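Those protein sequences? They're chains A and B, same order as listed. Sequential numbering from 63 applies to the first sequence in our numbering. Sequential numbering from 36 applies to the second sequence in our numbering.
No lab work stands behind these hints, which were simulated from the structure alone. Incorrect hints may appear among the rest.
Result set (DSS-like, lysine-lysine): computed pairs, CA atoms no more than 25 angstroms apart in a straight line [unchecked claim]:
| # | chain 1 | residue 1 | chain 2 | residue 2 |
| --- | --- | --- | --- | --- |
| 1 | A | Lys78 | B | Lys355 |
| 2 | A | Lys400 | B | Lys154 |
| 3 | B | Lys154 | A | Lys398 |
| 4 | B | Lys234 | B | Lys291 |
Residues of chain B placed beyond 10 angstroms of chain A at every Cβ, according to the derived structure [said to hold, decoys possible]:
| # | residue |
| --- | --- |
| 5 | Arg77 |
| 6 | Gly103 |
| 7 | Ser209 |
| 8 | Glu238 |
| 9 | Arg293 |
| 10 | His352 |
| 11 | Asp361 |
| 12 | Asn383 |
These numbers were taken from a predicted model, which means no experiment stands behind them. Glycine included, each C-beta is placed from N, C-alpha and C at the ideal position.
What follows is each chain in one-letter form.
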Amino acid sequence: MYWLSKTFHHIDRFRKRLIIFLSVLGPGIIVMIADNDAGGISTYAVTGSKYGFSLLWIFIILFPMAYYVQEMTVRLGAVSKRGHAEAIFEGFGPFWGWFAIVDMIFINWLTLVTEYVGMLAAMSLFGIPPWVTFIVVTAILFTVVRTGKYWTFEKITLLFCCFNFVYIPAAIWAMDTPTAPAWNEVFRGFYHPDMGGFNIELIFIILANLGTTITPWQIFFQQSAVVDKGLDIHDVSFGKLETLAGAFLTCLVAAFIIIATGAAFFYHNPPITIQDARQTAEAIVPLMPIGYGDLARKLFAIGLFDAGFLGALCISLATSWATGEVFGWAHSLNQKVKDAPWFYLVYLLMLITAGAVVLIPNAPLVTITMFVQVVAVTLLPVSLVFLLLLLNDRAFMGEHVNTLWQNVMNWGIAIFVIIMSSLMGISTLFPELFI
Amino acid sequence: MIADKNSKLKVIDHHPGFEQFRFLFFSELLKLPVCREKIKNRIGKLSDLVFLHKEPYPEAVGIYIEHGWGKPTEFIPWPNVIKIEDDAIFVRPPESGDVYPPFVDQPGWILMDKHLMGKTVLDIDGRQVEVVNDVHFLETRGLLLLVHVDVSFGGFFRRWGLGKYELVNSNLISWKYVQPLSVEDAVSTDKVTLSVTKKQMLELPSEDLADILEELPGDEQQVLFSALDNEKAAETLMEAEPRAQRQIIANLREEKARKILSEMSTPQLAGLFTVLPHDDVTELMAYLSKDQAERVRNILSQREISARTIMSSDFFHVAKTDNVGDVLNTIRRSGRDPKSISYIYVVNGDGQTLLGVVDLRELVLTPDHLTMSEVMISPVVAAEEDDVQDDLVEMFLKYHYHMIPVVDRNDRILGVLYHNDIDNLISQ
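Kindly generate the complete structure, drawing on both the sequences and the hints.
Next comes the structure, spelled out in structure tokens:
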């Protein structure tokens, strides 16, 4: 009988822990899923169409990288109760504070433009004119945050996150096409990839994948979300677990996008090269068996729209949180529009200006998309170094400073990112070195 | 008091036997030319009106005139004012010299434009934060009294010269219920608190004060919070939202922080500390006694908090053979915190085994000669020392008691749990 009561006790304990975990769940999953934003989907689609399954192995590296970097924001937020912008001001003074925030607003705005490009393109596949999408989407994006409760925002956003998984069935259908290789080719991509030579284009593609998986806005977003949600040191372990789950999901979805586009385009005879996500959706139609083609196209469009939507939501929020922290304005989703006017105004302004740029005929959108990725990757090292220095500050973190292992991993990541982005910088300036 | 019939500054003088009086808005007086006896002898424009704080209504003490261009300011004492007309204010010449002496701020003085117009005040009656758009004066017997502030947009329009259209109705709040929140010293740049802290404000429930604090920007939050006495400040702090709590703590001076912390129980401190940044916690921990800091740290380090960690030793117990009259006398002389005597625990002589409990209200109504064992309720609802917070919350929800005793395996009473301590730990 003793073991019976013991088992009941364990089940009960597990049930309690599960409830706590579910209540903590949110920021990590959202930030990670939103990480597969419109730009990300394009990047993965291009990767798949150019390299087939041979770059799938990078997710084995990107998964721990995403986890280790984002996990630090959970601890920093829960222990210091400050958003990232506030923490930089506190830790490094106003110069670096302003540097970080101005950078962040700039990149966020540019990224937001790419999200609108993605959303408008996705909806145009359904025949909806861009300006209608712009107005409706912006209105919905504002409605999601203005409920005056962080909780409502989080649950609505988690619902939107589910749509990100449409790429999994899309990939399974794509693997059904006659020219697609068998599934064991997919697994080969993880353990025995055949990438061809090492050249500048490969670096660029790897860097682009890296740049969409770890971004400065994610660091800002998750930390502010953790603070706004009111997580404390007791919740850190669950927050880490949730971030781990999020990192796994984002890599899973990304891998499936590559599988889908690889199967459909790279292994097609002749191979089809695509430039962005919208083309993917259009090019996929004729390849699919009757009936499936249109469905796959729609799934891709829905996925792309959802990715842009989540990205836009999180990026604008990250910006309003950070500006609120720096200027001392009320900045919480738990406050109504009346009580935190600036917070919601910044949010809305970011959305409207970025969306309006996309509506301008002949705006240099391709250049902006390229520029975003380059700038984001070059600024990432700075953000990472700030984060690492803060996480090693005992006055700030107390007993929650980075452990030796965490430091080894994270400094490794930071150095890797620095090397990769320097390579990229050098290659852009002196292309002849790598040919 | 002479004013012509078409004046917009109305004079009410109907009933014989009543004093002549009229109401004026500050916006009507601001920038009005000030002249020495005749309209030709213009001194300057009224830059501000100076009032002396008095109960119930502050009285005007003078007119403040700025000339700009680096010229010295002038201060015209109120007794020198002859009359206020539509187009000018007429004053007597200074007693000596050609110009009035420059303005020097004094304690207890309030400047209308500088300290009130456009500033936030607390409406103690309505328990709301408002912005002063105009100030309403009563002029009578040569005195000018500050009687109301106008928080409507009407005052706002009047400030911009649109008063004559009467676009909206005024919303006047009696000065009795107005608590100014931030006052800048007119001369120096330091912010100082106005010495006006109304008694009614200190009597507002701490829940309302917390709501008000959450709405205020940093400086004003600080001014209002520093006006509260330590006990009220501690209660208000615990009622406030985490964000406001962090802001208040960040701006607190050490001395005040020590006093406020000493008003709080260990579980309450732990509840507060979980929402504070780590560096602030380190600082505040240093203000606690070593023993208390240890207990707080103990609570903070656990995910599941047991009854033993948060129980208080502040409870009242008597032997079962004591009679009611003696017990009541002991309580009266004990000088205990009222909340700790809502229940009296009855124990047996030797090992403090908990036998029963008596509600204080019950006790008061019972004849003096009965013994405690005759009036006590038994068995007692008690928590085991190892019960964790979820069990405790459930227990409080189920029985609706303010306090519940904590016992060990042998039913010996170890301490008590207070409902609001549990509340504080759960709400985080």
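Cross-check of the supplied hints:
no.: 1; hint: A:Lys78 to B:Lys355; in the structure: violated (41 angstroms)
no.: 2; hint: A:Lys400 to B:Lys154; in the structure: holds (18 angstroms)
no.: 3; hint: B:Lys154 to A:Lys398; in the structure: holds (23 angstroms)
no.: 4; hint: B:Lys234 to B:Lys291; in the structure: holds (20 angstroms)
no.: 5; hint: Arg77; in the structure: holds (43 angstroms)
no.: 6; hint: Gly103; in the structure: holds (32 angstroms)
no.: 7; hint: Ser209; in the structure: holds (26 angstroms)
no.: 8; hint: Glu238; in the structure: holds (26 angstroms)
no.: 9; hint: Arg293; in the structure: holds (21 angstroms)
no.: 10; hint: His352; in the structure: holds (33 angstroms)
no.: 11; hint: Asp361; in the structure: holds (46 angstroms)
no.: 12; hint: Asn383; in the structure: holds (32 angstroms)
Of the hints listed earlier, the one the structure fails to meet is number 1.
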